[in-house]
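Undergrad: Okay, here's what each chain looks like letter by letter:
2 protein chains.
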Amino acid sequence: MSLVNVQQKHRFADTLRKLLRRNAVPNLKKILERTHPADVASVLESFLPQERLRLLQFVGDDDRQADVLSCLPESLAADMLGELPLDRAALLLSLMSGDDRADILGILDDETASKLMKAMPDEESDEAADLLRYGENTAGGIMSPEFLAMTQETTAKEAIRIVQESPDVEMAFYIYVVNLHGSLVGVLSLRQLVTSKPEEKLRDIMNPHVVSVRTEEDQEEVARIVSRYDFLAVPVVDEINCLVGVVTVDDVIDVIREEATEDILKMAGAGEELDDRPAVFTSIKRRVPWLFAALAGGIVAAFVIGQYEETLRQFPLLVGFIPVIIGMAGNVGTQSLTIVVRGLATRRVEVKHFWKVVGRELLVGVLLGVLYGLVLGAIAHFLGLELGNTTIRMALIIGMSVLLAMSMAAFVGTATPLLFAKLNIDPAVATGPFLTTTIDVVGVLIYFSFAKALL
Amino acid sequence: MSLVNVQQKHRFADTLRKLLRRNAVPNLKKILERTHPADVASVLESFLPQERLRLLQFVGDDDRQADVLSCLPESLAADMLGELPLDRAALLLSLMSGDDRADILGILDDETASKLMKAMPDEESDEAADLLRYGENTAGGIMSPEFLAMTQETTAKEAIRIVQESPDVEMAFYIYVVNLHGSLVGVLSLRQLVTSKPEEKLRDIMNPHVVSVRTEEDQEEVARIVSRYDFLAVPVVDEINCLVGVVTVDDVIDVIREEATEDILKMAGAGEELDDRPAVFTSIKRRVPWLFAALAGGIVAAFVIGQYEETLRQFPLLVGFIPVIIGMAGNVGTQSLTIVVRGLATRRVEVKHFWKVVGRELLVGVLLGVLYGLVLGAIAHFLGLELGNTTIRMALIIGMSVLLAMSMAAFVGTATPLLFAKLNIDPAVATGPFLTTTIDVVGVLIYFSFAKALL
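Protein sequence lines, in the order shown, are assigned to chains U and G.
So in the numbering used here, the last spot in the first sequence is 1145, and the numbers never skip.
So in the numbering used here, the last spot in the second sequence is 1145, and the numbers never skip.
This is chain U alone, in the form it adopts within the complex (with noise of 0.2 Å):
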């Protein structure tokens, strides 16, 4: 059964909640244990804590409980680790794989996370105390500690009887070769250890042009190699290229959608993470920076408009306008921005390439202003808007403004962001706040400046 449909889903927490409410035990486990830990894991947040500890004892054993809990989000799995007695939680923690643990760990409070780490038994928690050390977003932060390392010298044949033996090693598909020193010199799949010789030794099958990662590698590095190599897992190596763990794909999937949620709130200055439980008041402080740049774009704006008081008294019709071409170069400018910025994510775009790039979005941001400084042009001409006794002067004032601005916004959304990668400041958190301010505050100043120009 697969509860990847949305209705399966709600189908399958309301039998949940029907047996939970009836008190129908073996029901639950007859349901609970036949079913995926992942698909448990997906309809867990929607229960109250203390039925989310009852449906946990529900499915199955030990070793199934661990691999629901690896399964939830990692804030959700700590509050129920929290929740359960210290050596229950202490034991499940220790069945699951070594990066979820460390994960997990990583969110706790540091008096809980000791309190777990000593409950634990000392490999688990030494392994854990290692893996904390690496940051968050690098490498060492999302590789697993588990994975099968043999030397050269080891025949075919050993080998298979090692990966037999090795049932704790998940997605071993790929086995690493090492020398004496522990330094990764090699990798053979395991497709390609079974259609060996069974004498043959490792180091005559093993591929040695063997592709790795550092442990602080950034973890969009990692993700790119394993993308674009189709690689399965990535070595990950210590600065003396002693293997230390491996990154999975399953692993690099995860950090190519984070990155993207990342890349997509950032730009709307809507913070980095989405959260399955935000707090409002995190929420607000996420997004207060962005709104504030806003603001003072706004202020000066105001300022701008306010030196051109006598010409607004003369001529108050083009007020009705303010709105509309602001938000015209506005629409132009986040346009380009979205292009550039995702375009230096997925290296569609390079900041090598800055003029090319940049003019070309001036050239579509031009023919853009031109498509509709003519259409407003006529809108204002047509609608007999008179200014100054002419209608054809506010058509030329609009159509003039809506041109330069839209082309100046399209500039400005793509050398921006252009910049800021050079700079190596992320263009994704840098750009829109300073994109919108300046558009506006631009803005109005051309739309006046060809009022008072021409009036």
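Read the hints as simulated data drawn from the structure, not as lab findings.
Mixed in with the good hints there might be a few duds.
For identical chains, the list gives no copy identity; a pair is met inside one copy or between any two copies.
Computed list of lysine-lysine pairs in DSSO-like fashion (alpha-carbon distance at most 30 Å, straight line) [as the list claims (entries may be wrong)]:
{"no.": "1", "residue 1": "Lys-1112", "residue 2": "Lys-1046"}
{"no.": "2", "residue 1": "Lys-720", "residue 2": "Lys-975"}
{"no.": "3", "residue 1": "Lys-1112", "residue 2": "Lys-805"}
{"no.": "4", "residue 1": "Lys-975", "residue 2": "Lys-1046"}
{"no.": "5", "residue 1": "Lys-699", "residue 2": "Lys-805"}
{"no.": "6", "residue 1": "Lys-847", "residue 2": "Lys-887"}
{"no.": "7", "residue 1": "Lys-720", "residue 2": "Lys-805"}
{"no.": "8", "residue 1": "Lys-891", "residue 2": "Lys-699"}
{"no.": "9", "residue 1": "Lys-699", "residue 2": "Lys-1112"}
{"no.": "10", "residue 1": "Lys-720", "residue 2": "Lys-708"}
{"no.": "11", "residue 1": "Lys-708", "residue 2": "Lys-891"}
{"no.": "12", "residue 1": "Lys-699", "residue 2": "Lys-1042"}
{"no.": "13", "residue 1": "Lys-708", "residue 2": "Lys-719"}
{"no.": "14", "residue 1": "Lys-1112", "residue 2": "Lys-887"}
{"no.": "15", "residue 1": "Lys-891", "residue 2": "Lys-847"}
Model the placement of chain G on the given structure of chain U, informed by the hints.
TA: Coordinates of chain G only, in the frame set by chain U:
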């Protein structure tokens, strides 16, 4: 050697350029033969068409040339094949994996595609014809027709032999078990096979609870299934449950990237695709519709402002704050919109929780509105902007307008995408224009209503 780093990539391209200029064929061969096809592909784009074809012939045998073409963006691969002699293009195409071949044939014009298919071996051209029947964004459209399928009576030993004799199946980590009618009945991993006793039958080793997708399933759903269950591949079945292909995790990664890009661009009204070499005209065509919606909104806003001509004539000070009021509202609205649209895409926000989500965002909007209403009101007050003989009145109008406009924007920004999702309209594409238009119009309406009422 890995060329993920942008600097390394440029250096590599420069080296190739130098060698090409000197016509240093042996050096070119030497360097290209030991570079990963994905890395060769990553730099090919920056060369002229004729140079690309020369470089391609130096990468090694036909298989490696086909690999490089597989790693290129489809449009570029199609261009290159179009410049090769027909039989050579057909040969390279026939050496590609089935899904890549179908993708390239799919974007070629019908005449070229059918010529190429005639020149290909029957098996490959039939397979391509089969795949081309499926929609581009469905499981059928992205699946690979090469997989390992065996019957339930096969023993582990025989199965291993079959694996050894099927070098063409890429990424063969799962073995699918089918019954006599070709229906999918189970799955096992290569690893399970290796750890089984030689005489065991697949029916006793396999997992009969196999999750599969139908050929017409949307690629986003396929991606969700693979990433939720941490699969390396998911089998694709037709309407009578016959196994017809597999979607592997590397294709899923591409889908996730593509879909994120699509959503980001749609939200900015900048089309759906990030082309590698976009035509200016295509860009304009994609961006015009949203801009048109913004234009319409702007014109309505102009009419609204026109209704308050008398108020404006008396109190021209009001004009200066138009940009900041619609700007602040627009920003809050975009933030809410972004959070909801991305939340819907990643399934963290559910339409079912309409009022909970709307209530939460509205609360955030109101609180942010109170904050910035106070700030802007205070600024207006301290600047001593007098309106109708009191500065307090100006402060009140501006503060209240910001509060109400921001709250309204948060509400519209949250409720619209949820409503659209409920009506099965893509929230990413549909809400952008609606939101900006509404906020501009309602923003000025709120502002001038307050002004008129308080004066």
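Undergrad: So, for every hint listed, does it hold in this structure?
TA: Taking the hints in turn, this is what the structure says about them:
In the homo-oligomer, the alpha carbons of Lys-1112 and Lys-1046 lie at most 30 Å apart inside one protomer (15 Å), although the nearest pairing across protomers, at 42 Å, exceeds that limit. Proximity of Lys-720 and Lys-975 under a CA criterion of 30 Å is satisfied in neither setting, with 45 Å inside one chain copy and 56 Å between copies. In this homomeric assembly, Lys-1112 and Lys-805 never come within 30 Å of each other (Cα to Cα): the closest approach is 45 Å inside a single copy and 46 Å across copies. In this homomeric assembly, Lys-975 and Lys-1046 come within 30 Å of each other (Cα to Cα) only across copies, at 20 Å, whereas the closest approach inside a single copy is 38 Å.
For a Cα distance limit of 30 Å, the shortest separation of Lys-699 from Lys-805 qualifies neither inside one copy, at 36 Å, nor across copies, at 48 Å. For the identical chains of this complex, Lys-847 and Lys-887 are neighbours both inside a copy (8 Å) and across copies (15 Å), given an alpha-carbon limit of 30 Å. Taking the shortest Cα distances, Lys-720 and Lys-805 never come within 30 Å of each other, neither inside one copy (34 Å) nor across copies (58 Å). Neither within a single protomer nor between protomers do Lys-891 and Lys-699 lie at most 30 Å apart by alpha-carbon distance, with minima of 49 Å and 35 Å respectively.
In this assembly of identical chains, Lys-699 and Lys-1112 lie within 30 Å of each other by CA distance solely across copies; the values are 17 Å between and 46 Å within a copy. For the identical chains of this complex, Lys-720 and Lys-708 are intra-copy neighbours only, at 14 Å inside a copy versus 69 Å across copies, given an alpha-carbon limit of 30 Å. Taking the closest pair of Cα atoms, Lys-708 and Lys-891 never come within 30 Å of each other, the shortest separation being 59 Å inside a single copy and 41 Å across copies. Within a single copy, Lys-699 and Lys-1042 get their C-alpha atoms only as close as 48 Å, which misses the 30 Å cut-off; across copies the closest is 12 Å, which meets it.
Only within a single protomer do Lys-708 and Lys-719 lie at most 30 Å apart by alpha-carbon distance; the minimum there is 14 Å, versus 69 Å between protomers. In this assembly of identical chains, the alpha carbons of Lys-1112 and Lys-887 never lie at most 30 Å apart, being 52 Å within a copy and 58 Å across copies at closest. When the C-alpha separation of Lys-891 and Lys-847 is checked against a cutoff of 30 Å, the pair qualifies both within a copy, at 9 Å, and between copies, at 22 Å.
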